[in-house]
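Asker: Residue numbers (the working numbering), protein chains in the order written: chain R, 1 to 262; chain D, 1 to 262.
Worth double-checking, as some hints may not be accurate.
[Claimed, not checked] With a straight-line cut-off of 27 Å between C-alpha atoms, the simulated DSS-like cross-links for lysine-lysine are:
| # | chain 1 | residue 1 | chain 2 | residue 2 |
| --- | --- | --- | --- | --- |
| 1 | D | K162 | R | K261 |
| 2 | D | K27 | D | K51 |
| 3 | R | K162 | D | K58 |
| 4 | R | K210 | D | K251 |
[To be verified] If you anchor each label on the Cβ, the simulated ranges turn out as follows:
| # | chain 1 | residue 1 | chain 2 | residue 2 | range |
| --- | --- | --- | --- | --- | --- |
| 5 | D | A151 | R | K3 | 57 to 63 Å |
| 6 | R | D227 | D | E182 | 18 to 24 Å |
| 7 | D | G164 | R | G208 | 40 to 46 Å |
| 8 | D | A225 | R | P28 | 42 to 48 Å |
| 9 | R | S93 | D | S234 | 48 to 54 Å |
| 10 | D | E155 | R | K3 | 55 to 61 Å |
| 11 | R | Y250 | D | E69 | 20 to 26 Å |
| 12 | D | T50 | R | E259 | 35 to 41 Å |
Note that these hints are calculated values from the structure, not bench results.
For glycine and all other residues, C-beta sits at the position ideal for the given N, C-alpha and C.
2 protein chains.
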Amino acid sequence: MQKPLILITNDDGIRAKGLHALIEIAKPMGRVLVVAPEEGHSGESHAITTKIPLRLRKLQEPDSDGSDEVTMYACNGTPVDCVKLGMTHLLGSLPDLVLSGVNHGSNSSISVIYSGTMAAAQEAALNNGTPAIGLSLTDYSPDADFSPVQAIGSELIGKALKFGLSNEICLNVNFPALPLSEIKGVKFCRQANGTWIEGYEQRTDPYGDKYFWLSGRYVNNEPDATDTDEWALSNGYVSVVPVQPDMTCYKELERLKQEWKV
Amino acid sequence: MQKPLILITNDDGIRAKGLHALIEIAKPMGRVLVVAPEEGHSGESHAITTKIPLRLRKLQEPDSDGSDEVTMYACNGTPVDCVKLGMTHLLGSLPDLVLSGVNHGSNSSISVIYSGTMAAAQEAALNNGTPAIGLSLTDYSPDADFSPVQAIGSELIGKALKFGLSNEICLNVNFPALPLSEIKGVKFCRQANGTWIEGYEQRTDPYGDKYFWLSGRYVNNEPDATDTDEWALSNGYVSVVPVQPDMTCYKELERLKQEWKV
């Protein structure tokens with residue numbers, strides 16, 4: 001039987017340490033195709049490129065003796081572009097699994113909607129229900145220690161290859177920034193209700209014109225709820241949230257039907 | 001009592017006909033602040049700008065005699081940047097309503113996750129639960145006829161101002177490309193399960209290098225389901241889907257807890 005085919009991307013770009021940590025995790029499990037952005041694309045969510053031509057740059061081919069089965073491309077587009085190009089152009093058939101990350105920084109709670117890492121995983125899941133996992137470490141440092149992701153991430157990736165995921169569902173996996181010995185385990189949870197409280201720092205450029213930089217801090221609106229990803233991370237667990245593409249609020253739908261009467 | 005304060009943005013850019021149609025709809029209902037992208041940002045989803053400085057360019061102030069209460073800015077960022085800058089920097093208090101659109105083209109079904117129009121509405125809803133509506137017309141033409149949006153859109157906007165929306169919920173409103181006389185009414189519905197079947201057109205530039213353009217077509221995976229936005233639009237109705245920020249799949253969450261045992 002042929003080894004599983006694993007497509008890997010990220011949103012921190014082809015040079016990010018987290019991407020290469022993920023490649024090392026995936027290599028023993030299958031043949032690996034990497035298609036990752038040339039540059040960082042954090043916070044670009046589900047953006048697709050339609051106004052400039054997309055280009056691919058081949059960086060690595062598998063060794064001829066089969067010792068290293070990694071093919072690698074850099075792409076000038078977003079994480080979602082990378083998944084689309086990988087799945088529809090570079091591969092002749094669907095991959096067995098798509099992995100995105102390991103992101104330098106958390107994608108828990110409401111950050112899921114801003115995250116390029118998670119958009120890439122979701123894009124894969126939308127393509128014939130391909131199992132997909134986005135992995136993130138709650139440490140923004142370019143030199144973060146990804147070794148705890150190795151042990152626990154491998155187990156989760158193995159489960160996804162073995163059991164699959166339901167149609168169009170992907171996983172949002174976040175790791176606390178702790179040594180492996182201090183991680184208490186894995187919690188399946190829901191997305192916490194949280195908010196980015198934001199503002200803009202206003203500056204003046206050397207030519208006298210004003211400009212703005214976004215700044216903000218995250219607030220957990222339900223710190224006492226023990227079934228959320230934020231609680232899991234704050235209490236030493238790896239959080240795993242299954243993410244779906246249906247954004248309909250069914251409760252509000254019933255309310256509107258009753259009350260709005262248009 | 002002071003008139004309601006309405007913040008308007010879009011993803012087709014400050015010059016788009018649909019934006020100006022929406023401003024005309026909103027003007028009789030309140031004071032209007034427009035913050036819209038300098039250029040088109042379709043398909044940029046919930047992207048935020050963090051790598052280049054954001055700038056605002058003032059284009060219009062209210063008339064001193066109070067006859068036209070529109071303030072207008074162009075911004076070099078994404079639709080979500082426009083909402084953030086408008087809500088946290090330009091306004092001293094929360095607006096009563098945020099409107100996004102009118103988009104040139106549909107944002108029904110799965111297109112909601114790629115849509116800059118809907119990301120802007122969702123961003124507003126995340127900011128203290130401000131009521132927000134994204135409006136789209138299923139006609140991509142720059143010169144599309146927005147007159148049917150005027151009558152029905154006004155009614156929906158009036159309801160939102162009167163009744164509000166539940167916390168963090170926004171509305172995804174799509175109009176069929178039909179004359180007003182042929183529109184049968186408004187349907188509250190759920191997001192249809194659909195897929196973009198995509199591929200890339202490969203070309204060679206004058207310098208011999210390959211590049212790619214995304215192309216695709218939408219497929220409705222449940223054409224017989226009468227409770228979806230796609231069904232409503234195909235059958236002459238305006239579709240209204242309440243959209244929530246919680247992307248957790250609770251059914252899969254229970255399955256994973258039972259079956260994965262990590």
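Asker: Hint by hint, note whether the structure agrees.
Answerer: How the hints compare with the structure:
1. D:K162 - R:K261: holds (13 Å)
2. D:K27 - D:K51: violated (35 Å)
3. R:K162 - D:K58: The given pair, whose Cα atoms are some 57 Å apart, is violated under the 27 Å limit.
4. R:K210 - D:K251: Roughly 49 Å between the alpha carbons, so the hint for R:K210 and D:K251 is violated.
5. D:A151 - R:K3: 57 to 63 Å: Since the Cβ atoms of D:A151 and R:K3 sit about 60 Å apart, the hinted range of 57 to 63 Å holds.
6. R:D227 - D:E182: 18 to 24 Å: violated (48 Å)
7. D:G164 - R:G208: 40 to 46 Å: Roughly 42 Å apart at Cβ, these two residues keep to the hinted range, so it holds.
8. D:A225 - R:P28: 42 to 48 Å: Distance hint for D:A225, R:P28 holds at roughly 43 Å.
9. R:S93 - D:S234: 48 to 54 Å: violated (33 Å)
10. D:E155 - R:K3: 55 to 61 Å: holds (58 Å)
11. R:Y250 - D:E69: 20 to 26 Å: Distance hint for R:Y250, D:E69 is violated at roughly 37 Å.
12. D:T50 - R:E259: 35 to 41 Å: holds (39 Å)
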